[in-house]
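Protein sequence lines correspond, in order, to chains A and B.
The first sequence runs contiguously to residue 454 in the numbering used here.
The second sequence runs contiguously to residue 454 in the numbering used here.
Treat the hints with care, as some may be off.
Copies of the same chain look alike in the list, so a pair counts if it fits in one copy or across any two.
To be verified - Here are the simulated lysine to aspartate or glutamate pairs, EDC-like style, with alpha carbons at most 20 angstroms apart:
1) K448 / E385
2) K119 / D407
3) K324 / E314
4) K277 / E311
5) K119 / E408
6) K238 / E188
Worth flagging that the hints you see were computed from the coordinates, not collected in a lab.
What you are looking at is a predicted structure, and each value in this text was computed from that prediction instead of being measured.
So you can see what is in the structure, the chains are spelled out below.
Protein chains: 2
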Amino acid sequence: MKYELQKTDILSKARAGKMTTAHGEILTPIFMPVGTAATVKAVHQRELVNDIKAQIILGNTYHLYLRPGLDIMERAGGLHKFNGWSGPILTDSGGYQVFSLKDIRKISEEGVKFQSHIDGSRHLFTPESVMDIQRVIGADIIMAFDECAPYPCDYTYAQKSMEMTHRWLTRCINRFDSTEGRYGFEQTLFPIVQGSTYKDLRIKSAEFVAEQNCDGNAIGGLAVGEPAEKMYETIEYVNDILPKDKPRYLMGVGTPENILEAIALGIDMFDCVMPTRNARNGMLFTTQGIINIRNEKWKDDFSPIDETLGGYASTFYSRAYLRHLVKCDEILAAQIASVHNLTFYLWLVGQAREHILAGDFLTWKNAMVKQTMQRL
Amino acid sequence: MKYELQKTDILSKARAGKMTTAHGEILTPIFMPVGTAATVKAVHQRELVNDIKAQIILGNTYHLYLRPGLDIMERAGGLHKFNGWSGPILTDSGGYQVFSLKDIRKISEEGVKFQSHIDGSRHLFTPESVMDIQRVIGADIIMAFDECAPYPCDYTYAQKSMEMTHRWLTRCINRFDSTEGRYGFEQTLFPIVQGSTYKDLRIKSAEFVAEQNCDGNAIGGLAVGEPAEKMYETIEYVNDILPKDKPRYLMGVGTPENILEAIALGIDMFDCVMPTRNARNGMLFTTQGIINIRNEKWKDDFSPIDETLGGYASTFYSRAYLRHLVKCDEILAAQIASVHNLTFYLWLVGQAREHILAGDFLTWKNAMVKQTMQRL
Chain A
79 MKYELQKTDI LSKARAGKMT TAHGEILTPI FMPVGTAATV KAVHQRELVN
129 DIKAQIILGN TYHLYLRPGL DIMERAGGLH KFNGWSGPIL TDSGGYQVFS
179 LKDIRKISEE GVKFQSHIDG SRHLFTPESV MDIQRVIGAD IIMAFDECAP
229 YPCDYTYAQK SMEMTHRWLT RCINRFDSTE GRYGFEQTLF PIVQGSTYKD
279 LRIKSAEFVA EQNCDGNAIG GLAVGEPAEK MYETIEYVND ILPKDKPRYL
329 MGVGTPENIL EAIALGIDMF DCVMPTRNAR NGMLFTTQGI INIRNEKWKD
379 DFSPIDETLG GYASTFYSRA YLRHLVKCDE ILAAQIASVH NLTFYLWLVG
429 QAREHILAGD FLTWKNAMVK QTMQRL
Chain B
79 MKYELQKTDI LSKARAGKMT TAHGEILTPI FMPVGTAATV KAVHQRELVN
129 DIKAQIILGN TYHLYLRPGL DIMERAGGLH KFNGWSGPIL TDSGGYQVFS
179 LKDIRKISEE GVKFQSHIDG SRHLFTPESV MDIQRVIGAD IIMAFDECAP
229 YPCDYTYAQK SMEMTHRWLT RCINRFDSTE GRYGFEQTLF PIVQGSTYKD
279 LRIKSAEFVA EQNCDGNAIG GLAVGEPAEK MYETIEYVND ILPKDKPRYL
329 MGVGTPENIL EAIALGIDMF DCVMPTRNAR NGMLFTTQGI INIRNEKWKD
379 DFSPIDETLG GYASTFYSRA YLRHLVKCDE ILAAQIASVH NLTFYLWLVG
429 QAREHILAGD FLTWKNAMVK QTMQRL
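With the hints as extra help, turn the sequences into a complete structure.
Rendered as structure tokens:
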């Protein structure tokens, strides 16, 4: 994987860049729609391409390992062939999911023993097995197996957890380096910075991660409940250490405001379930602000969902119609709102990129945070 | 509304025709996707046009009356404006739905008192109010308010029910004739033949309906549990009475076999929830036969859902992928299967039309019934 840093903003740390993977280019900053179980929920693959203009999507190792399972994945020829998305794919390592299982998982130096949330069957993820699984899934970018410490988290736990994550990273890299892609194209591995909200731990972790000289680097363990200011502060000193000539991925973030602020701090890649999950609950992110489409006030608003944004879902359907569908629990409601929200998220990072290239990012960002976060 | 009978098959009673409504032409025989609550479930409006090639869709008076309600419907400018489907629309009268409510409705000469399945609120449908409601919804074709007798049904009940349906029809026609469309285009009213499975009642009802000289005629009260042979027999003698120069609509039918057999008996229009409802349960109708996509056997079948059928949903996605989505209860499963099944249903009636025009309908029909009804 190649990364070209195309421009750095003068008034902020925002960057425009270009990543080149075996499945195509990605212009950064970028938002990656989450396709947990080999599908971005309620969205057709052609809608990802034609409407949302997604450049890279996420898959999830934990979910894909359980269903459809590695046998099917391998016989399909990997995730790209299985779901028909031919652009770049990044797979989350499954670490976050297995740690979320809480009562049905056990962490040790070896790895994590857990029970499937589907049928209770017992499994073991180790740094090595997670590399092997992601080889079989065949994502372009695969993530290291880490422990995502909870928030709040005491210093001792955070330190021990981070140190184990580092040892796991070494094991991940060893395994990754001694194996090859299954389907004739190159994969790359991103390590993950941990250390909870402790500055010295985060710095130590960022230094350790930076030393590995991987093609890109990720920041994990944020947006897990800590105040936004704490998150921004952490990003700032971690990014001072992570190499400038590699893309930086902030995992699981966030609101339009979070994304814009993190771009200003030098983040290049994002993923979050928010645009799709909130869509299914009737919450719309628009160019003019946030809409709870269940509200009575939209019942006779026959104007498009978001005329400024443009695109099919956002301009063909009216707010009143979408509200009706949501109130009736119609599947089409989830479809329209998901395509709309993802179109908005991709528009937002695309606009950020344009303004970085144009040199007026900071002014634009400050106005856009206000505009997009107000409640309509 | 105009209807042109273009060709009648020599070896069967199958017909090819063309209906012209204020919202466009409909080539018959035709299948109408069911859009109960102003949406064909799990299907985008542009997919109805571009992928499924729907020519007319259904709306449901009962559902639309309750949600979004007549106030919103009228302010939207009718159903076409509300949901963005600009082709012809037919609305079911709500009769079938309110009779299905069983314990929470009461039938009298005046009409039907019922409680909403949503909030228990009390309402009254009369032949007159149902005409008024359908004026507000603004469908191109509106249906008379009838009682759909259950099956089995004793002769006395069937007769009384039919006679009331006839008196209601007179009231419907009177009300319809003394009112006008709300949105500047012409609507038309179809009466409905009832009479359960009693030949003399059906003949009497068909004669009464035919006498009304409406633009089209419907047969109701079939496919409610009676044997298929009984249904075909009934269609046969009813169609001998219904005028040849008007389209004939068989309500709520059915499987590919039912549709093909009914076309052979001179039916021109169909609607049924089967392609969409069964899609949501993982049952696919294909050009080669019926697939239960949940079956283990499809787990590693990476071939398209239906290559012969063509189209996006049926050729882009594999059977293995769709099975995975169904097993995971993913929304995309319902989307793919619904678009596929409806594409197949429209293909089926389109092919029937081609073969009627080509003069080899009967041979084709007999082969196609076998082919499409076999379990794969």
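When the hints from earlier in the document are held up against this structure, which numbers fail? none
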